[in-house]
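Engineer: Taking the hints into account, I'd like the entire structure generated from these sequences.
2 protein chains.
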Amino acid sequence: MKERVSDLMSPAGLVDIERMDCNIRDMATKADENGVLLRPHVKTHKCIEIGKKQEKAGATGITVSTPLEALVFADAGFKDITYAVPLAPDKFSVIQEIMKKTNLKVLVDNPITVELLDNFSRESNTEFRVLLKVNCGNNRAGVDPKSQQALRLAGKIAQAQKLEFKGILAHAGHSYAARSVEEVRRIADYEQEIMVTFAKALKAENTDLEPRTVSIGSTPTVQLAESFREAITEIRPGNYVFNDYTQVALGTCELKDITFSIQASVIGVYSDRLVTDAGATALSKDRGPTHLREDSGYGKIIKNYSEGSIEEGLTISSLSQEHGNVAVEGEHHLRPGDRLRIIPNHSCLTANLYDHYFIVKDERVIDKWEIHRKRLDE
Amino acid sequence: MKERVSDLMSPAGLVDIERMDCNIRDMATKADENGVLLRPHVKTHKCIEIGKKQEKAGATGITVSTPLEALVFADAGFKDITYAVPLAPDKFSVIQEIMKKTNLKVLVDNPITVELLDNFSRESNTEFRVLLKVNCGNNRAGVDPKSQQALRLAGKIAQAQKLEFKGILAHAGHSYAARSVEEVRRIADYEQEIMVTFAKALKAENTDLEPRTVSIGSTPTVQLAESFREAITEIRPGNYVFNDYTQVALGTCELKDITFSIQASVIGVYSDRLVTDAGATALSKDRGPTHLREDSGYGKIIKNYSEGSIEEGLTISSLSQEHGNVAVEGEHHLRPGDRLRIIPNHSCLTANLYDHYFIVKDERVIDKWEIHRKRLDE
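Line by line, the protein sequences give chains S and U.
Note that this note's numbering has the first sequence beginning at 1322, numbered continuously upward.
Note that this note's numbering has the second sequence beginning at 1322, numbered continuously upward.
Hints listed in this document are in silico derivations from the structure and should not be mistaken for laboratory results.
Be aware that one or more of the hints could be misleading.
Identical copies go unnamed one by one, so any copy, or any two together, can satisfy a pair.
Unchecked claim - The calculated DSSO-like cross-link candidates involving lysine-lysine, where the alpha carbons are at most 27 Å apart (straight line), are:
1. Lys-1695 - Lys-1374
2. Lys-1577 - Lys-1374
3. Lys-1323 - Lys-1422
4. Lys-1373 - Lys-1695
5. Lys-1483 - Lys-1521
6. Lys-1421 - Lys-1323
7. Lys-1483 - Lys-1524
8. Lys-1323 - Lys-1682
9. Lys-1487 - Lys-1351
10. Lys-1695 - Lys-1323
11. Lys-1323 - Lys-1477
12. Lys-1521 - Lys-1477
Structural biologist: What follows is the structure, encoded as structure tokens:
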């Protein structure tokens, strides 16, 4: 293993361990002080070592978004896992296998899925622990918590012979589209309000339906929420371990809280632009917070890492597969072979393009951890 | 291995082998009939089996865009490889190692890189075969072929003790931004014109500088070029093996020529939208040909694969990490668990998210081939 950041072949994914440890500790403290369980979403990092740090800091379990994540974390000894994407029938068998190793909860929001899962669970003689996905305004997935259908679906789960109704789960992903800290706070309030009200309605409908888990989730809303209402039992932030330029633009963290960055090399110097070796396969084509910052480009080039400043004259203007195009304003003294450190627009998608994190303290590389980005396609 | 497409867990990457064989044969025939060598860019597929098909059909070598691609194809017996991204000093050593196994050419466009490579080649006693990258209007990388600096840089390479000047290389990547077939044709003409003129200027400067390789590139320009001028020695298309929705929108292929698609599952059904399990990690966030089709979304959902028709009422409107959001116009009868087949906006970036291709003939899965998307980060 290379000993110094400057010796790594680029593009390379770097994790600043001291900063990340702070992020992990701060979120665990917030959960603890507010009396909620912390179930971090590991889709951001897909890394056993980081998951173990989160567990050691006090996480009671983890959240995953693919069967492969469930499997590799189960194999690594994680016992309490929520698979937080609406379950599809093609995944029933693989999830059933993973449940032999671990206490896994699955997510549903549609009566047809519940019916198919009910059949499968009886035929395979397997008990499935089921959460009901709730739409808290994100309008991606989830039942309308104000509807009769939502109560009926919870009842249908609870009545099924081999399904256990464990509770309700929401994700305020629309917080990423907010235009101000105040708007994130309003979304955070609404997410809690709607879940508390729905939990009460379920209990009022039938005491069997009182949800043991009332889970909320996004990094922006839990970062900015000042407290959590009593009925909320757990939070599921993911991005907070790394943060990224989107979180900075939203106002939910500062530049110095970003712990994941990419080291790139300058491979071309021209009169009006630079080219780096960090293209779309190194940064992802996530456009980032364009609703907040017109110049968000495809990530930001760091000027001074310890001060947390950005190179204002350098904009990553477009990406092709292995080339990053950097528009230049003003003077610079960069030449081929020089290194740039880039903070991504969206850490989760950028991390998904690497096989390892190089764990760094200042300029030293102290470890190398695997990123489990493979697919389960056997 | 699963026997039928419908048995595969989604998202899964499918390659229609009969259609792909046609694309491979047609391009090989075009190169042969026009008297140019074919050096396909394997960054599109990153797959040994597909590279071997291209070689068998007549390719004289391959083009790669990362050291890992160079390494895995070299290990698989490919002998003639061009690494077509401007070389950076951090990759000198690894390229030198790979050159022990294969005849590799590297690309430069900057005198500083040439100086550093000259030093490295003498210190390591290794001969590097060098191509000069030419800007043919793409304005990404490359020297200005009309400049004195370009001639001087070629001279500097030729004079270096351990560098061998092999020729010139261009890539008309700006063809992807064209607004019509006519515009792609004009770009194709210009790419050839500028290379032929520069080759002559090099020979006029010094007969030692006459380029043995005069290489041009992009799939759109070589698909639409009616012929190749005599001085052009090779073409390097990559995307043509798969094609994608961008090529269709450009008018460089038809829907039935797209050979790579993604099978997704419906995981949510709501009044105004669907959700699938093909998110940003399954399709990539490439926006595709937005300059040509406002509704290009993040890929297109197929209505009838054999007819090559698209579901006009279903638009992949946004992607989060593992969720694909589909806006619905009009009626549909889809329910959770139903399968959708999606053609990507940009095959190269989508393929880079999978570990295997499932090779299919109609509904049968006949093979499974590895995609070498890993990074060389030892």
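Engineer: All the hints need checking, so say for each whether the structure fits it.
Structural biologist: Verification of the supplied hints:
In this assembly of identical chains, the alpha carbons of Lys-1695 and Lys-1374 lie at most 27 Å apart whether taken from the same copy (22 Å) or from different copies (26 Å). In the homo-oligomer, the alpha carbons of Lys-1577 and Lys-1374 lie at most 27 Å apart inside one protomer (20 Å), although the nearest pairing across protomers, at 50 Å, exceeds that limit. For the identical chains of this complex, Lys-1323 and Lys-1422 are inter-copy neighbours only, at 24 Å across copies versus 36 Å inside a copy, given an alpha-carbon limit of 27 Å. In the homo-oligomer, the alpha carbons of Lys-1373 and Lys-1695 lie at most 27 Å apart both inside one protomer (20 Å) and across protomers (24 Å), since each shortest distance falls under that limit.
For the identical chains of this complex, Lys-1483 and Lys-1521 are intra-copy neighbours only, at 25 Å inside a copy versus 78 Å across copies, given an alpha-carbon limit of 27 Å. Taking the closest pair of Cα atoms, Lys-1421 and Lys-1323 come within 27 Å of each other only across two copies (23 Å); inside a single copy the shortest separation is 39 Å, beyond that limit. Taking the closest pair of Cα atoms, Lys-1483 and Lys-1524 come within 27 Å of each other only inside a single copy of the chain (21 Å); across copies the shortest separation is 80 Å, beyond that limit. Taking the shortest alpha-carbon separations for Lys-1323 and Lys-1682, only the intra-copy value of 13 Å comes in at or below 27 Å, while the best inter-copy value is 46 Å.
In this homomeric assembly, Lys-1487 and Lys-1351 come within 27 Å of each other (Cα to Cα) only inside a single copy, at 24 Å, whereas the closest approach across copies is 62 Å. Taking the shortest alpha-carbon separations for Lys-1695 and Lys-1323, both the intra-copy value of 24 Å and the inter-copy value of 18 Å come in at or below 27 Å. Proximity of Lys-1323 to Lys-1477 under the C-alpha cut-off of 27 Å is found in neither arrangement, the shortest distances being 56 Å within a copy and 33 Å between copies. Within a single copy, Lys-1521 and Lys-1477 get their C-alpha atoms as close as 18 Å, which meets the 27 Å cut-off; across copies the closest is 78 Å, which misses it.
Figure legend: structure checked against the earlier numbered hints; the only hint not met is number 11.
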